Amino acid sequence: MGDTTPFDEMHNADGSIREPYRALSGWLDEQPDKGLGLMQADAEAIFRKLGITFAVYGSEEGTEKVIPFDVIPRIIAANEWRRLSRGIEQRVKALNAFLYDIYHRQEILKAGRVPEKLILNNAAFCPQMMGLEPAKGVYAHIIGVDIVRVGPDDFFVLEDNLRTPSGVSYMLEDREAMMLLAPDLFQRSKVAPVENYPENLRRTLESVAPASAGRNPVIAVLTPGIYNSAYFEHSFLADRMGAQLCEGHDLFVDGGKVYMRTTTGPERVDVIYRRIDDEYLDPLTFRPDSMLGVPGVFDAYRAGNVTLVNAPGTGIADDKAVYTYVPEIIEFYLGEKALLNNVPTYNCTDRDQRAWVLENIGDLVVKEVHGSGGYGMMVGPTSTKAQHEEFKKKIIARPDNYIVQPTLALSTCPTHVDGGVAPRHVDLRPYVLVGGDEVRITPGGLTRVALEKGSLIVNSSQGGGTKDTWVLED
Amino acid sequence: MRMLGRTAQNLFWLSRYVERAENMARLLEVGYRMSMTSRREGGASEHLISMLQAAEMDELFAERHEVADVDTVAYFMMFDPENPSSVYSCLQGARTNARSVRTAITTDMWESMNGAWLEFSQIKPKDVRGAKLAGLLQWVRQSSHEFRGALLGTLLRDDGFAFLQAGNFVERADNTARILDMKYYVLLPRSSLIGGEIDIQQWTLILRAASAHRSYGHVYHDRYKAHNIADFLILRPEMPRSLIYCAGFVQQNLDLLAKLYGRRESCHDAMDNLLKLVEDTSMDQIFSHGLHEFLDEFIARNNTVSETLSTSYNFY
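As you go down the protein sequences, you meet chains B and X in turn. Oh and the first sequence: position 450 is 450 in the working numbering, straight run, nothing missing. For any residue, its number in the working numbering is found by taking its place in the second sequence, counting from 1, and adding 474.
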């Protein structure tokens, strides 16, 4: 991982076209001048019409934005995907085993493989979950694994999102848009479908319904409401699954059971796919000032009368400090070597490593352990000297509060820009469903692309867009 | 799949707000016209104030403005976010309710509602004067029609449809009754059979506020008469804004709910009670018992329908 030219997914080092991109390359060559521009405009219209928007916090209500969509798909070969999905499945199984252990006998702590302090003093550790038996032993059912690529065979997991990962509606709508825009390109390729996601989500949720649920468990999607930035996704998923979209006050607990208030009276709810953070879930157990949650829902969960998806307390397994132990975790529970690599991470509490980090801070990425969404983060090469000094002081003051990683040269993909097609940096978030029966991974996932030349920041709030992601079938 | 009580409530209020926005625009249009043509000193202000009274906004208006002229009244009824029944507040309310029930309405309905709100919310009140105001008022009515058209053309005839329709027509019945009540005294039978100029002006106002000034001729083939006007807006079943039509329409939709849910609720009794008032009666009977008393009673019973509907189906 030096600072050489980033790996471009369409081209070999000698400039020839990589095999998975052959059909796309031919198709791009055939597009008339401005053809992609017109397609881009059509895409924008399609997205507005479908109402795929996200709310911008702090702006006037009613100004939802459309996330930019790039009309050139990102392509992953069948064998590349097989490797990735095996690694992902291994990872999510180990992380669920880790969660079960942490909230039960804590063998991994007793064995000294993960420091006890790191877990028990961690804000993401949820003591209320101790000893609780979630249905089928699954804690994290819906997971988004953030993966970056830096070479033909080099994939790294950047982060495991085990709380309430978002963005899956963009994966689905990007595919819908792409099929409308470029049916001829699909005809030249065998692309694995993604449209089964809502059905698979439904099956996953049903597979972890409490034993008391009937043949057709009643599923509710719990949303914080229309002002939440991901509200579109909540309503989209509820709609596609045929589940009820509920706000906290639509549900109530009576006699340890959860009901929704319908026009014809209370109806029992078996599974809650909640898109509300742990701390707001139940004012009786967590934050007492929460207006978003359902009073008593945690007790109903503890009694096994309703399943919460994901379980509270899964954040302990995607904490940035715990992340560095995932290879250990995989070995401990599965007795296997990790198939997917972590990004090398420096531990600042180690004196030698800290000294090296402070020396080389201009080349490194510093992340606050409990931060998320790009907050409390510094990217060395794009920061000023003053910022470097500021973060050095922070690291010296609280070495345990930061992790440090090398700046990765994210791979690039051909992207439509003003004046043609140019490489832009991308990442990948595959979506994984862990049911009581099986693990379901949708081929591909959401590709985020930094539309600014040279930028490594793919977040939609900072000029990032999305691409349809194709996994080719053999 | 069963419907959440909140969803039913959102649907009910979504179409109530759309209907109310339309009625506000129509009412303001009438006030605006009358203020232009009135020949008497102070007449403009008087007309505008009676418009505000019809909408039960006169007190709030007086708190916020000293002078009732076209500019202040237009701002107050169109744009004032502090006025809960301004077109602005109604469209915002409708859109918020629509967003809460995205999965219960069709894409066409959503687009119509969302488009109307986005367009309206970008208008600057100071740019809307004179001819522009008339154009905007017409646009508000058209937007309401577009939404209703999308609803009729695309929505499944299920419980959601029934709640939407009930909201629309409960609101419309209330509006027609209030317009009549505001001017009931010019409709009372009097010794002189031919109205004076002021009467004619008042009658025109009533008919216009109910979009009935053209259709009146088609039904009565006669010049404006107080008795006919009252009859038209209260008892004519073919008039889509008359009390009997609106009440009948709400009943049909409550019956649909009873059929779908297999059960009658207290709102069905309230509905029967409302219908009793307008069925098997005549204008002569209504006049002899008192027009004002009749309208008051209608408004109260119509309110009861709305309230019992919300308890019957677990709105909050």
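FYI, nobody ran anything at the bench for these hints, they're computed from the structure. Here the structure is a predicted model, which means the values were calculated and not measured. We treat Cβ as the ideally placed atom computed from N, Cα and C, and that holds for glycine. Each hint should be verified, as a subset may be incorrect.
Calculated lysine to any residue pairs in the SDA-like style (CA-CA distance at most 20 Å, straight line) [to be verified]: (1) B:K65 with X:E712; (2) B:K337 with B:Q353; (3) X:K657 with X:K750; (4) B:K65 with X:K733; (5) X:K733 with B:H388; (6) X:K733 with B:K110; (7) B:K65 with X:L592; (8) B:K93 with B:A409; (9) B:K392 with B:E438; (10) X:K600 with X:E585; (11) B:K93 with B:K117; (12) B:K65 with X:K657; (13) B:K110 with B:D146; (14) B:K65 with X:S509; (15) X:K699 with X:T628; (16) B:K65 with X:E585.
Residues on chain B that point at chain X, a partial pick, calculated with CB under 7 Å [to be verified]: (17) N228; (18) A230; (19) R261; (20) T349; (21) D352; (22) Q353; (23) E359; (24) L451; (25) E452; (26) L456; (27) S460.
Hint-by-hint comparison with the structure:
Straight-line distance between C-alpha atoms of K65 of chain B and E712 of chain X comes to about 45 Å, which puts the hinted pair past the 20 Å bound. Distance hint between K337 of chain B and Q353 of chain B is unfulfilled; the C-alpha atoms sit about 24 Å from each other, more than 20 Å. For the suggested pair K657 of chain X and K750 of chain X, the alpha carbons sit about 24 Å apart, so the restraint of at most 20 Å is broken. Between K65 of chain B and K733 of chain X the alpha-carbon distance is near 42 Å, which puts this suggested pair outside the 20 Å criterion.
The straight-line distance between the Cα atoms of K733 of chain X and H388 of chain B is roughly 70 Å, outside the 20 Å bound, and the hint therefore fails. A C-alpha spacing of about 63 Å is found between K733 of chain X and K110 of chain B, which places the hinted pair above 20 Å, so the restraint is violated. The straight-line distance between the Cα atoms of K65 of chain B and L592 of chain X is roughly 12 Å, inside the 20 Å bound, and the hint therefore holds. Note on K93 of chain B and A409 of chain B: the hinted pairing is violated, with a Cα-Cα distance of about 29 Å set against a maximum of 20 Å.
A C-alpha spacing of about 45 Å is found between K392 of chain B and E438 of chain B, which places the hinted pair above 20 Å, so the restraint is violated. At roughly 27 Å between alpha-carbon atoms, K600 of chain X and E585 of chain X are farther apart than 20 Å, so this suggested pair is violated. Restraint check for K93 of chain B and K117 of chain B: the C-alpha separation of about 24 Å exceeds 20 Å, so the hint is violated. For the given pair, K65 of chain B sits about 47 Å from K657 of chain X by alpha-carbon distance, which is inconsistent with the 20 Å threshold.
Of the supplied pair hints, the one linking K110 of chain B and D146 of chain B is violated, its CA atoms being roughly 30 Å apart against a limit of 20 Å. About 42 Å separates the Cα atoms of K65 of chain B and S509 of chain X, which puts this hinted pair outside 20 Å; it is violated. Of the supplied pair hints, the one linking K699 of chain X and T628 of chain X is violated, its CA atoms being roughly 40 Å apart against a limit of 20 Å. In summary, the hint linking K65 of chain B to E585 of chain X is supported, as the alpha carbons are separated by about 15 Å, within the 20 Å threshold.
Using the Cβ-Cβ criterion of 7 Å, the hint placing N228 of chain B at the interface with chain X is not satisfied: the shortest such distance is roughly 11 Å. Using the Cβ-Cβ criterion of 7 Å, the hint placing A230 of chain B at the interface with chain X is not satisfied: the shortest such distance is roughly 13 Å. Against a cut-off of 7 Å between C-beta atoms, the interface hint on R261 of chain B holds, since the closest Cβ of chain X lies about 5 Å away. With a least beta-carbon distance of about 48 Å to chain X, the hint placing T349 of chain B at the interface is violated under the 7 Å criterion.
Violation of the interface hint for D352 of chain B is found here, the shortest Cβ-Cβ separation to chain X being roughly 55 Å, above the 7 Å cut-off. Nearest Cβ of chain X to the Cβ of Q353 of chain B: about 50 Å, over the 7 Å cut. The hint is violated. With 7 Å as the threshold, the beta carbon of E359 of chain B stays out of range of chain X, its nearest partner Cβ sitting at about 53 Å, so the hint is violated. Because the beta carbon of L451 of chain B sits about 25 Å from the nearest beta carbon in chain X, more than 7 Å, this interface hint is broken.
With a least beta-carbon distance of about 28 Å to chain X, the hint placing E452 of chain B at the interface is violated under the 7 Å criterion. Proximity of L456 of chain B to chain X is violated relative to the hint, the smallest CB-CB distance being about 34 Å (cut-off 7 Å). With a least beta-carbon distance of about 20 Å to chain X, the hint placing S460 of chain B at the interface is violated under the 7 Å criterion.
In the structure shown, a violation is registered for the earlier hints numbered 1, 2, 3, 4, 5, 6, 8, 9, 10, 11, 12, 13, 14, 15, 17, 18, 20, 21, 22, 23, 24, 25, 26 and 27, in ascending order.
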